[in-house]
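J.: One-letter residues, chain by chain:
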Amino acid sequence: MGRTCVEVRGLTVSIQRRTILEEVSFSVCDEVLGIAGPNGSGKSTLLRSIERAAWRQNDAVRIGDPAMTAPRVGYLPQGFDMPKGMTVREFVEYAAWIKNSATVRASAAEAIEAAQLGAFADRRLGHVSGGVAQRTGFASVLVDAPDVLLLDEPTTGVDIHQREVMREIIAAQSPGRTTILSSHIAEDLEQLCDRILVLVKGRPRFLGSVDEARAETGEETLSGALLSLTAGVE
Amino acid sequence: MRGLRGLFSRASLICLIVFASADLLVLFTRSTWIGFLGYTPEWANAGLYVASPLIAGASAFLTRVYLSPELVAITRGRGLGPSIRTIASAWVRMVVLALIGHAAVMLIALLVSAFFGASGAIPWAPFVYAVMPISMACAIGVALAAIFPHVWSSGLAILTTYGLWYVVVISDAAIPANIGGATISLAGLQYRLSTLLILLAAAAVVTATFLTVAVLAVRRQSFPRSLTAFAVACFCLVLVGTVAGGHTSGATFEPSQQVDFVCEGSAPRICLTVDHSARLSEVAAAVQRAAQPLRDAGVDMETLTLREGWGEGQAHPDGELLLGFGQLNGIGVTESDYAHALLQPASCADYFVEEPTPQLERLFTAAQLLAEWLDAKRAGTEPSLTDDRARELYDALRACSVDEELVDDVDPQ
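In order, the protein sequences belong to chains X and G.
For the first sequence, the working numbering gives the first residue as 5, with consecutive numbering after it.
For the second sequence, the working numbering gives the first residue as 108, with consecutive numbering after it.
These are computed hints drawn from the structure, not numbers from a lab.
Careful, some of the hints might be misleading.
To be verified - Coverage of chain G stretches by chain X, computed from C-beta distances (three or more under 8 Å per stretch; other residues unrestricted):
#	segment
1	116-123
2	179-186
3	192-200
Owing to the predicted nature of the structure, the values given are computational and were not obtained by experimental measurement.
Note that the Cβ used here is the ideal one computed from N, Cα and C, for glycine as well.
Bound-form chain G, shown alone (with noise of 0.2 Å):
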């Protein structure tokens, strides 16, 4: 397309910079995806919720200039085609400037993944996905650049699509805006396609939308016009994201048809997806090792299996621990973790309770207990409690039923 000519000049590779600088900034703020080539992806895009109003100040600032009255002029000729293509143009333009940045963010993630021993396949969607609140961020900031061809229309741009992407965040309408960043278990789950394409289609309307105020405001010149048929955009684009939402009741994610473990060890058994299994082994060896201190004081755990997380909504079956995503099979988890990991080992009603209860109380000050005795023997220095109290408090957590007496007379470290 010849619009993409002139593409990287050096404000375009300043602006280019500064998206795929907060974008990356939104990256490193965890590390639980790091590891994941399937979660990867998914929270590579939490970063376009704070970098995509960016690109559009940036389509604001890097369009104004085509989209000046007096180029315009110079460039109109016969119907409506060139008035389409100027738009076009300029929205293509900015489009591709933030999928490079995007990607070139991506590619990091996806390598720093692989590079810490990374497992599993790389889905598709999330880089459809992407593409949404960039689309809808660009048609944002050329509308505005067509309206107010100046500097400052960036700003309002930036203001003006944060302000859009807030609205449609808390009026629990959704959100092709906001993408990426599930910090829930993704083990066993998959991108649900219904949803997919409904915020698909509903970006599409909202940047068609924002992309059609472009086309009027170069093609009629007149600011009042523009300005109102702004306002209807984006009412338009919490409308549309209200009715997607209220077809997608959020779910982005369904369980797998079907999950597949790998398993190893026993006392307890250790289970993970297979997509999550690079370092079986190693964090088998682990948990074997923080569960020693039990085993010694007569904890039966022949029959506990500890198994990756299905994702919320999904049954816990009684003699088995649901891990979190990444809570063992991430980088940076310490031995305090693995033995910690171990003290949920039945799948108490109390725990889903709306209200806690003074059952729930009890559950945790128990695991609370079991944790410092578990780390006092790690560190060798002396418990407060007896490995018969120890053998006792687990049973009890195992039996969801933890006596007030057994917690009442434990003075806690």
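For reference, chain X alone in the conformation it holds in the complex (with noise of 0.2 Å):
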């Protein structure tokens, strides 16, 4: 997998004259970048920006190399309902056939392995848990290989055992790719970024390692530290 990196420069997003977004600027390659803040953050709209950018042009977003041919870009909304009538391997399959995906089954069972849904793959998608239809998300985001994630809270609304997979699976992705996750909870993004961005009504707050941003509040843990950056903020 080649070097993709995603690239924001000022970008500024208003939905019916208010300002969800304004002049959020980072650039991200092959490492994972968490995007934490407050409900109303804009943590879904950046995540939702940059996954346009790749099939709508955006001067703020550069996502890969303009030399290369466009990046596969894999988004995992924050929410979603799945058609109940399907098993969770046929809608992989769904998946990949509407992705294109020379080899459907193949990739659809790569992806479903990936996602550690085996023990699911013949499960009615309208008969198992929250977690498992998220994971089957992410399955069906794997299987044409992108080039970069964009993972809206992938563990929130899930048990702590299924939180703990999933940040297994995710982990196990991340390597040679870009990855870039919001999330409220701290855990997730100690465990899995290698820096993270704090939004804050729209601005960025912070961008750094965890160390840093631990350094810079003076708290002990990436809670305190999270808190703190937003403090104020309702």
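Make one complex out of these two single chains by using the hints.
T.: What follows is the structure, encoded as structure tokens:
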């Protein structure tokens, strides 16, 4: 897998005259960047903007090297319904077919294994837990071997065990890829991310490693550092 | 196609049952199709005008999950291909579902027809016609689900489709949606291939337009633009329908090159098309019985022939009574129907005038008096006419000239 970078320069997003993101800039190459911040700080909007830039021209977001072919971007949104009549395997194969994967079955099988869904592959999506549904979504994102992973709160809404499994899966898939994930959960950011970007009201408040965040705020834990960085925001 | 996986979820089965039930309900609003395999598929399609908007609603309801921005984002890949495959699979899934439902209704209709002694060949054209409203309705439903991936898009799809079908029909446009359900005689008629092809092309254009709107909606994720595109597609449907209508003149059928009749009996003689002749002997015997009082009254019926009609616009040669489709050879025909079928023994010009004439009124009065006379004879009660007066009336009907005094001095029962 080649080196694929995501470069965001002065990204500003307004929706219905309300500024959601303002002058956000960063660059990520083959590492995991965590996006943190309170509710409404623009984390999901930032990920959506990057995802859209993969198929719609956006001068503020550049993905990959212009000289190379368009990079594959895999995006796992926050909270989604799935067709309940399909099995896990059928849905992942459907995603592989939609994405025009040359070897639908093989890519789906590989993605199912990568998302540790082997035991659930033949279960209908109407009868699986939220964690398994989330991993099915992740497997569907993986079927075309994306160069960039954008994960919007991938561990939110699942139990502690499922969260641990999800972290393990993300950690296994991240090497050699550029991954940007948003999360409210300090453990996710601490265990998975090389750097974190803290957004407050759509503006970047901090960009650096977990250690740097702790050092800057003087807090012992990342939770404390995040609370300190976002202090005063409701 | 992998998009067909998971086709039979509980929700899709419920939608299938609702659609097929509506289709079936319309089928059984008439019984004139029963026993005629040439007409059964035509009438079986009649339900699609009512049921296809329901399948548009089902399309929106069942595909909205696949077309939600989140799932589209998960399955998005390079280029336009993934968007096209997303929409194509959603549409094909719904078309397959609807075709299964309509095929079940068609099968029930054919089995019922066959059970009641069906005769004739099954035409292929109605099966092609059935695909048109189904494909357009599914495309409308998918387009609306792509624009508004919410539950209420299904209600909107039903209303929009009914509205579009209605506009197309009242604007005399034609009518890839308003297919099936001909009530005229199909005896001696065949499906007009040029009309079928024009409407098929129109349906393909309309379907492709709505599917393009759907592809753009999932691709661009721009609500105002998608909505505008949908409105343009609706206009396109009416426009294409109107253009197609201008080229077909609404003529779905044309006279068959050759129609073979098989006849039986005399005074009167009964002739039915070969395809509809399964009950000929039974019908001939019943008409002979019904004509007996007229013969007893001295009416000359030797030259009279009852023949199945060739359809609208055909000449009605004198000396032949043209029977409406299923008038005597359908199910549920009563003795009275056989008798009343004898009461237009000539093709009088007055029957075909725009404004009713006094002569037309007298022709109908004479036929009415004779109908009552025949009913009384059959019931064994005292008729209001003498046999001589009945013969005079019948001869006047045959001559297309009923004098005023012939009907005015009779006191109808």
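J.: Please go over all the hints and tell whether each is borne out by the structure.
T.: Outcome of the hint check:
no.: 1; hint: 116-123; result: holds (count 4)
no.: 2; hint: 179-186; result: holds (count 6)
no.: 3; hint: 192-200; result: holds (count 3)
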